[in-house]
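Kindly produce the complete structure, drawing on both the sequences and the hints.
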Amino acid sequence: MPARSSMTRAPALLALGLAGLLAPPAFAEEPGGSSIIAEDSAEVCSWPTTALAGFGAPPLYGVACGTTLIHPELIVVYEECVAPVTSPVDFGELPWSGAHQEVDLLSTLAEDACVYHPSRPFAVCRLAEPVDLPITPIVFGCETEIFELGRQVAMVGYGADTYPEGDGEEPTKRWGWSRLVAVDPYTLTTAEDQAVGCGAWDLGTPLYVRYPDGSWHVAGIATKTADCKAHTYYERLDVSAAWIEDTFGLDVTPCHDIDGTWNPSDECQNLSQAGPTGTGTWDDWCEGTPAVAYSQTCGPNGPDVDPTVVVTSPADQAMLASGEGFDFEVSVNHPVTSLEISIDGNVQAASDETWPFGFGPVMLADGEHTLIGIAHGGDGETRMSEAVVVYIGAVPSDDSDSDSGDEGETGETGETGDVGSEEDGDETGDGLVAEGEGEGCACEASRRGSSGWALLPLLLLFGPRSRRFPRSRDAGSSR
45 MPARSSMTRA PALLALGLAG LLAPPAFAEE PGGSSIIAED SAEVCSWPTT
95 ALAGFGAPPL YGVACGTTLI HPELIVVYEE CVAPVTSPVD FGELPWSGAH
145 QEVDLLSTLA EDACVYHPSR PFAVCRLAEP VDLPITPIVF GCETEIFELG
195 RQVAMVGYGA DTYPEGDGEE PTKRWGWSRL VAVDPYTLTT AEDQAVGCGA
245 WDLGTPLYVR YPDGSWHVAG IATKTADCKA HTYYERLDVS AAWIEDTFGL
295 DVTPCHDIDG TWNPSDECQN LSQAGPTGTG TWDDWCEGTP AVAYSQTCGP
345 NGPDVDPTVV VTSPADQAML ASGEGFDFEV SVNHPVTSLE ISIDGNVQAA
395 SDETWPFGFG PVMLADGEHT LIGIAHGGDG ETRMSEAVVV YIGAVPSDDS
445 DSDSGDEGET GETGETGDVG SEEDGDETGD GLVAEGEGEG CACEASRRGS
495 SGWALLPLLL LFGPRSRRFP RSRDAGSSR
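In this text, residue positions in the sequence shown follow our numbering: the first is 45, and each later residue adds one.
Just so you know, the hints here were simulated from the structure itself, not pulled from any lab data.
C-beta: ideal position from N, C-alpha, C; glycine also.
Heads up, a few of these hints could be off.
What the hints assert, rightly or not - Distance windows between CB atoms, simulated:
1) His161 x Gly389: 49 to 55 Å
2) Gln361 x Ala335: 22 to 28 Å
3) Ala362 x Val391: 18 to 24 Å
4) Ser85 x Gly422: 22 to 28 Å
5) Glu173 x Val354: 33 to 39 Å
6) Asp327 x Gly389: 51 to 57 Å
7) Asp301 x Asp176: 22 to 28 Å
8) Glu123 x Asp348: 42 to 48 Å
Put into structure tokens, the structure is as follows:
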């Protein structure tokens, strides 16, 4: 545990350039004439691995930038933030005036604490002592399959809530939802019509993605914010993990070998589930922060347990509006070769062969529906989840009799999920429309970024499985 206690302090640095920002764009032609509606201010101890780093030599000059904790002893910062002299890293929601924790870097000289990547726009700095927080590891190995167009992500930064009126006051941790609109070998791009990043206080801050087990992972750090009114660009860290490990001698991929093979170490546990909701206070380093005991995304880990299949979305007894689609997501703790879904006793024709397993959006007719995940294990065994019941367009009465399960209800024809048209004009959501007896469906695993494919004609029940459409951008590692 770092030796410094929580405290409040006045700003010791002069933040250069624009203050950071996470907010939906509301500009007309001139940014200065219109305000931006802020996204949510962060709760105490939410997104705890997002921090503020300081460099420079106050009072002569200084700069404050966002930073991301990727290991108990390592932070990642945008390359242009690093100056010869370091200041403590501030963990907290109001790092200059509110309760927070300060952690020194390994040295007050950046050349002894930080190393620039030889070709990518970031540096990695080592802390003087490990931080005692559940970790948010880099997305790595088979987990990079989660980088798909339309995937929901969370942006976290320290920006002002209006522009320019709120500019230059004090960094305040804020966050907002977005989605991936481009996936490239080195970068991820988020949408321009949701949260956007802007300025030094957002550079270096993380893009988080949530796994089916509820843990949050670092997809990348912000390196370009397009003048606060367009896409935000994030540097992927998985492609640089080998360099980080070689440079610092620390394991930043605790669940994998550096070639991406699943091989969990003793550190592949205690993965943070602290997203928008915080637990504890900075006085006790957010004690009680929820965490996944053992990560099992790509294979077994931890004590010997029976293989399980758990539906993580939707929640059992969920009530949804008529015509509302939902994502069907499943968490498994053993190697799985494919996943199917049963709706009201009918096994659908679609299958998903790649983690994270799921389908979406699923469109169902009004009424009560029973959903079961069916996982075909690498050991040749087929296992089913517990049934999850959802109600579409109606609230169940206490004395109503459920007729789901034995005989399938016929689903209505649905619409393709919409994740928005972006620059390339090639995003079309993949949908799943429930099959009833005698009907088929256009079923697609939750690869949210198909290459312009619309909903296919209906297939016969138990007919050929729908193929996985190619993504419009290459999401593979360049290593």
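Verification of the supplied hints:
One distance hint, 49 to 55 Å for the beta-carbon pair His161 and Gly389, holds here, with the actual separation near 54 Å. Our hint of 22 to 28 Å for Gln361 and Ala335 holds, since their Cβ atoms are close to 26 Å apart. Hint check: Ala362 to Val391, Cβ distance near 21 Å, so the stated range 18 to 24 Å holds. Distance hint for Ser85 and Gly422: a CB-CB separation of about 45 Å, inconsistent with the stated range 22 to 28 Å.
Hint check: Glu173 to Val354, Cβ distance near 37 Å, so the stated range 33 to 39 Å holds. Evaluation of the 51 to 57 Å hint for Asp327 and Gly389 yields a pass: the beta carbon distance comes to about 53 Å. At about 26 Å, the beta-carbon gap between Asp301 and Asp176 stays in the expected band of 22 to 28 Å. Judged by the Cβ atoms, the range 42 to 48 Å given for Glu123 and Asp348 holds: they are separated by roughly 45 Å.
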